[in-house]
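Residue strings, one per chain:
2 protein chains.
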Amino acid sequence: MSEPNVSPLLTDLYQLTMVQGYLDQGMHDTAVFEFFVRNLPSGRNFLIAAGLEQVIDYLADMKFSPGELEWLSGLGTFSTDFIDYLESFSFTGDVHAVPEGTIFFQNEPLLRVTAPLPQAQIVETRIINLMHFETLVASKAVRSVLAGDGRLLFDFGLRRAHGAEAGILAARASFLAGFDGTSTVAAGRLYGIPTYGTMAHSFIQAHDTELEAFEHFALAQPDNVVLLLDTYDSRAAAEKTAELYPRLKEKGIIIKAVRLDSGDLVEESKAVRRILDGAGLDGVKIFASGDLDEYAVGAIVAAGAPIDGFGVGTRMVTSSDAPYLECAYKLVEYAGVARRKLSAGKATLPGRKQVYRFFNDEGIMSHDVLALGGESLKGRAMLERVMEDGRRPDRVVPLEEIREYVKAQIDTIPEPLRALGEAPRYPVELSAVLRECRKDE
Amino acid sequence: MSEPNVSPLLTDLYQLTMVQGYLDQGMHDTAVFEFFVRNLPSGRNFLIAAGLEQVIDYLADMKFSPGELEWLSGLGTFSTDFIDYLESFSFTGDVHAVPEGTIFFQNEPLLRVTAPLPQAQIVETRIINLMHFETLVASKAVRSVLAGDGRLLFDFGLRRAHGAEAGILAARASFLAGFDGTSTVAAGRLYGIPTYGTMAHSFIQAHDTELEAFEHFALAQPDNVVLLLDTYDSRAAAEKTAELYPRLKEKGIIIKAVRLDSGDLVEESKAVRRILDGAGLDGVKIFASGDLDEYAVGAIVAAGAPIDGFGVGTRMVTSSDAPYLECAYKLVEYAGVARRKLSAGKATLPGRKQVYRFFNDEGIMSHDVLALGGESLKGRAMLERVMEDGRRPDRVVPLEEIREYVKAQIDTIPEPLRALGEAPRYPVELSAVLRECRKDE
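These protein sequence lines map, in sequence, to chains A and B. Using this note's numbering, the first residue of the first sequence is number 8, and each one after it goes up by one. Using this note's numbering, the first residue of the second sequence is number 8, and each one after it goes up by one.
What the hints contain is simulated information worked out from the structure, not anything from laboratory work. There may be inaccurate statements among the hints.
Which copy is meant is left open, because identical chains are indistinguishable; a pair holds if it fits in one copy or across any two.
Quick list of in silico lysine-lysine cross-link-like pairs, BS3-like style, CA-CA up to 30 Å [claimed, not checked]:
{"hint": "1", "residue 1": "Lys-353", "residue 2": "Lys-247"}
{"hint": "2", "residue 1": "Lys-385", "residue 2": "Lys-258"}
{"hint": "3", "residue 1": "Lys-414", "residue 2": "Lys-256"}
{"hint": "4", "residue 1": "Lys-414", "residue 2": "Lys-258"}
{"hint": "5", "residue 1": "Lys-277", "residue 2": "Lys-353"}
{"hint": "6", "residue 1": "Lys-353", "residue 2": "Lys-263"}
{"hint": "7", "residue 1": "Lys-353", "residue 2": "Lys-292"}
{"hint": "8", "residue 1": "Lys-70", "residue 2": "Lys-414"}
{"hint": "9", "residue 1": "Lys-385", "residue 2": "Lys-263"}
{"hint": "10", "residue 1": "Lys-353", "residue 2": "Lys-256"}
{"hint": "11", "residue 1": "Lys-70", "residue 2": "Lys-258"}
{"hint": "12", "residue 1": "Lys-353", "residue 2": "Lys-70"}
{"hint": "13", "residue 1": "Lys-277", "residue 2": "Lys-247"}
{"hint": "14", "residue 1": "Lys-247", "residue 2": "Lys-258"}
{"hint": "15", "residue 1": "Lys-247", "residue 2": "Lys-385"}
{"hint": "16", "residue 1": "Lys-277", "residue 2": "Lys-385"}
{"hint": "17", "residue 1": "Lys-353", "residue 2": "Lys-258"}
On a predicted model such as this, the values are computed, not experimentally measured, just so you know.
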């Protein structure tokens with residue numbers, strides 16, 4: 008695919024047809040849209056906001072190219088005025104958002120766009136597309152971080168991620184949620200995320216013997232020797248590792264770790280640990296991978312398996328137990344008037360909103376209150392302005408800072424929310440003013 | 008994200024470390040890798056191959072840019088010889104594959120790469136990434152086509168697809184599986200897929216009255232008037248549609264359809280149909296959307312709802328009931344010797360293979376046989392050469408032709424496989440020679 012991921016045509020056709028309608032009627036007044044998640048997926052106790060940096064890039068850079076305009080024009084459904092509007096399009100609005108990495112709950116706006124109606128409308132699809140996916144993956148990944156209890160975690164998901172951008176953004180989202188790195192090289196280059204990787208089964212299979220494969224790999228990557236044990240028989244391969252270790256050491260090469268990718272990881276890791284320790288190789292770490300998610304990681308850790316790090320892939324990057332969030336980007340105000348929809352099961356709260364977070368005396372989160380923008384409550388206001396008049400913020404928040412922020416917040420959530428199973432819902436209350444608004448539904 | 012989706016860094020780091028190992032040992036002999044799906048997800052009776060065109064583009068265009076080489080070099084883990092190798096890299100191998108749109112089953116290779124080992128290795132991750140996702144979505148989408156029983160189907164999934172590429176490729180995969188179009192504008196431009204779209208709730212909400220919104224939309228898009236009914240009250244909106252119809256007709260504008268996006272779609276569509284028919288508007292179609300998948304479409308059709316077309320989004324583009332396939336790209340031959348792995352639960356069959364398909368006297372598929380490449384069976388051989396010496400094929404198969412091929416095959420599958428629920432497994436047998444190979448596992 009030669010099209011980069013920045014095309015403004017990454018949108019639903021109806022955004023364009025609606026904008027033409029707005030232009031025809033001169034509807035350029037200020038609109039306010041909010042992005043939020045209606046309900047948490049079952050089994051999830053909190054979510055983590057991610058994707059804001061990509062949204063800011065998208066908004067700041069959004070331009071229609073001559074080729075795109077010509078193609079749209081050729082469809083025959085759009086007016087010349089509309090094509091002219093797109094030609095000179097740039098986003099000039101404000102964006103308020105919770106910082107990336109913020110823990111949040113149902114119905115809390117993560118992002119608010121305030122802009123002339125056509126602008127705020129045309130950006131809907133891609134804003135949802137970016138915020139939804141990174142939030143989905145960060146929220147899944149942090150559960151492996153909790154389950155891993157300090158063990159190393161690597162994203163191995165690119166191959167089964169849903170396309171290229173999913174693989175790259177999943178690496179970013181899992182890293183900000185607390186993973187230690189990724190196997191995805193492009194994510195290393197784009198975001199400076201540490202990359203990890205050693206060998207696959209094919210490397211072993213292409214050699215006549217497993218021992219020869221181990222040796223060749225060690226010579227080619229002397230600072231990065233992690234041997235894959237399960238191509239034929241993991242325990243026999245552990246014996247070979249023990250045999251090879253002193254020979255390589257003479258050449259100044261240290262085997263750092265071994266990896267198991269199939270079978271009963273608890274039993275196999277214990278057997279391999281015994282073999283390695285028996286040969287005095289207690290410094291050689293054991294990594295595990297293969298169909299892992301937070302439940303498997305939690306069970307392996309609980310079983311006392313001597314595993315030092317986990318490669319987590321497919322199930323995290325597809326968020327396989329909850330592959331989407333019930334999120335929406337909804338108009339809440341136009342031309343100074345609060346707006347809402349009343350669709351069955353999908354009614355929205357009118358007016359621009361703020362989330363206030365309250366803590367108990369021990370600094371643990373006690374409850375959130377959703378209030379109208381004009382109200383001023385005592386809690387911590389979670390949304391802040393990140394874009395003014397379409398300008399980029401002065402500073403891009405580094406991923407390392409977001410990781411620290413996630414880690415610090417995890418220490419402040421009520422203990423039951425840390426469980427992988429579903430806990431009683433964290434209280435998200437409506438302010439008195441919003442409760443009044445809802446009465447007439 | 009400024010990086011296009013064609014970067015060769017869309018790979019796992021271990022592909023690069025392994026290739027350096029191969030180069031160091033002069034391992035340039037011919038390797039054969041096969042891509043296949045180990046098991047069908049539960050509830051799926053067949054899968055549809057997709058993604059081949061994107062794989063061919065990837066292989067034919069694969070080049071490392073100076074910036075990418077410089078970055079890799081700066082990591083300090085790769086040799087100068089290796090960087091030189093990447094600098095002059097181009098794919099010179101052969102690719103055999105089943106045509107896009109082919110129905111297939113567990114363990115059947117969809118794609119075979121025959122190339123010098125380092126080349127065949129380095130392309131693994133992106134080949135899986137492309138083939139996996141498009142196959143996943145095409146296989147999900149065709150179920151809505153079966154359930155829809157001739158009704159129109161539109162892909163509305165971009166917003167909750169996993170990133171930009173997922174949205175675009177899902178539009179392609181669902182179209183080749185039999186959908187009628189997509190809302191994703193970029194997919195329209197890239198692949199010539201018909202695009203559809205009219206208005207969202209925000210368009211209605213931004214106006215002071217629903218009737219005014221309907222009228223403004225019709226004036227802006229006179230050839231494309233589909234009115235969204237469920238922002239406040241669907242039946243009241245249907246009455247307004249009936250009221251507006253003659254007024255617009257006087258101006259030469261015809262209301263083509265209405266759309267329902269929430270509530271009980273069966274009951275609401277029947278009520279709306281009655282209102283429209285009561286006003287003599289039996290030519291106005293009813294479309295439905297909102298959390299739909301093949302099960303919902305099938306239930307709505309079975310209930311006799313007067314719905315003429317469905318917008319299917321999130322659940323299809325995320326394949327929400329089976330968000331990934333157990334697929335792999337495995338070395339089966341190197342330097343003329345058949346290769347295999349024996350990992351617990353993930354053993355592979357050695358040697359390059361062909362799939363032969365057999366039909367009964369009525370032209371209905373009876374069974375497949377998996378055979379070694381050297382064997383010649385009487386059935387229809389499903390893999391054919393699509394790339395020779397790294398050259399693109401002379402002809403890109405048009406999407407319309409793939410759609411026809413899918414449709415024709417659907418007519419040849421055994422009746423039980425057409426059900427949405429799980430049917431008895433279609434027989435995939437091993438040839439006598441392959442059965443013999445498996446004996447010594």
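Could you check the structure against the hints above and give me the numbers of any it violates, in ascending order? When the structure is compared with the hints, numbers 2, 3, 4, 8, 9, 10, 11, 12, 15, 16, 17 turn out to be violated.
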